[in-house]
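Colleague: Given next are the chains, with one letter for each unit.
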Amino acid sequence: MKILVVDDFSTMRRIVKNLLTELGFTNISEADDGKTALPILEQGGIDFLVTDWNMPGMPGIDLLKAVRANTEIASLPVLMVTAEAKREQIMEAAQAGVNGYVVKPFTADTLREKVDKVFERLEGAA
Amino acid sequence: MSNVAPIPDGGVNEQALLLEMATTLVSQLQASDIDEANKTIFELCKLRETSLFQEIGKLTRDLHDGLNSFSHDKNFETLTKESLPDAKKRLDYVVQLTEESAHKTITVVEDSLATINDLGKRSLALKKYSDDLDSETFSEKLNEYLTTTISDAKEMNASLIEVLMAQSYQDVSGQVIQRVIKLVHDIETSLVDMIRSCGLGTEDGTTSVDTDLEKSSQAKLNQARSNQAGSNKQNDGHGFGPAVPGVKHDSGAKVGHEVVQSQDEVDDLLSTLGF
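Those protein sequence lines, which keep their order, are chains Y and B. So for the first sequence, our numbering puts the first residue at 1; every next one is plus one. So for the second sequence, our numbering puts the first residue at 1; every next one is plus one.
It should be emphasised that the hints constitute simulated quantities derived from the structure, not laboratory data. A virtual CB, placed ideally from N, CA and C, is assigned to each residue, including glycine. There could be a bad hint or two in this list.
Partner residues are not named here, just some residues of chain Y that face chain B (Cβ under 7 Å, in silico) [what the hints assert, rightly or not]: (1) Gly57; (2) Pro59; (3) Lys117; (4) Val118.
Derived pair list, reagent style BS3-like, types lysine-lysine, alpha-carbon separation capped at 27 Å [as the list claims (entries may be wrong)]: (5) Y:Lys86 / B:Lys141; (6) Y:Lys86 / B:Lys121; (7) Y:Lys17 / B:Lys89; (8) B:Lys88 / Y:Lys86; (9) Y:Lys86 / Y:Lys2.
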């Protein structure tokens with residue numbers, strides 16, 4: 001299981017990476033923007049994407065849409081971890097096909113719960 | 001700027017007048033006619049004062065016009081009435097976030113120090129039994145020791161996760177500060193624009209603001225204005241930044257624009273959408 005963590009704040013990337021390690025995921029890559037993340041995803045081999053929304057180059061919502069538009073990686077599970085908290089944004093992410101949405105600041109338990117849920121649902125659907 | 005009174009232009013007329021007065025002054029002085037010379041000097045000073053007052057008058061009028069146009073400028077009004085008070089709230093929120101995180105971290109460190117010190121003491125006591133070769137007591141004490149250590153390790157793990165999570169203030173406060181920095185830029189460009197439109201000119205007729213700065217600031221100002229106009233479009237999909245208590249988000253409180261207050265609300269909203 002290989003995970004890509006995308007956030008423009010390096011501190012948040014380290015936090016998420018450490019939490020995922022605690023959950024037993026050890027193969028984790030990082031990117032600091034949607035623009036740098038997309039080529040990595042397109043190369044293939046990433047099984048789970050955790051992304052921020054508000055990033056300087058390509059925001060997370062556009063990254064999500066780009067993933068869903070690319071048949072090669074369209075089914076990639078995507079968890080959004082963001083400070084963006086408007087109802088319309090959450091709805092936009094849901095419509096774009098996000099698998100989970102966590103608002104910052106969040107707790108370790110919340111992230112664990114959402115990650116578990118994403119995989120539970122994927123297994124249920126499979 | 002319109003309606004500007006004519007000022008002495010330093011041109012041919014004024015030059016001729018000055019030359020005439022100077023020649024008069026020289027001949028009066030050569031004739032030792034001090035009283036008349038003083039009168040001429042007085043006239044000369046009056047001429048300078050008049051042009052100075054006219055220059056000040058022009059600047060005052062320009063400043064007045066500039067301020068008037070800014071008081072009708074919606075962008076400037078938003079800056080002073082909403083953005084600046086919001087900026088204060090945003091920075092207060094950063095102080096609050098950093099304070100909470102620091103306290104959380106310090107508390108966990110204090111607890112962890114106590115746990116680790118205790119672990120050291122217990123290990124030392126156990127080692128004593130081991131040294132004394134009292135195998136029965138040692139076995140019993142070892143068991144106790146292991147039980148406590150396992151539970152302490154679990155506790156320490158939770159503590160360290162808490163320290164880790166407390167560092168998330170850097171992301172949230174960083175985003176809030178970035179927005180305040182943008183506001184300061186907007187104010188800067190507005191001020192530059194005000195100086196420019198007031199025409200606080202230098203002798204060669206250009207404004208006192210560096211032309212390049214002026215151009216880039218004007219571009220930034222236009223950008224800021226178009227952002228303001230387009231703020232309902234989520235700043236081109238880049239988002240609104242963290243919700244700050246007491247700060248209305250850019251697009252106001254239209255339907256669908258309200259900010260969720262907790263992860264539970266996010267979950268509720270998603271469940272209504274079939275999640």
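Colleague: So, against the hints stated earlier in the document, which numbers end up violated here?
Modeller: Checked against the structure, the hints that fail are numbers 1, 3, 4, 5, 6, 7, 9, while the rest are satisfied.
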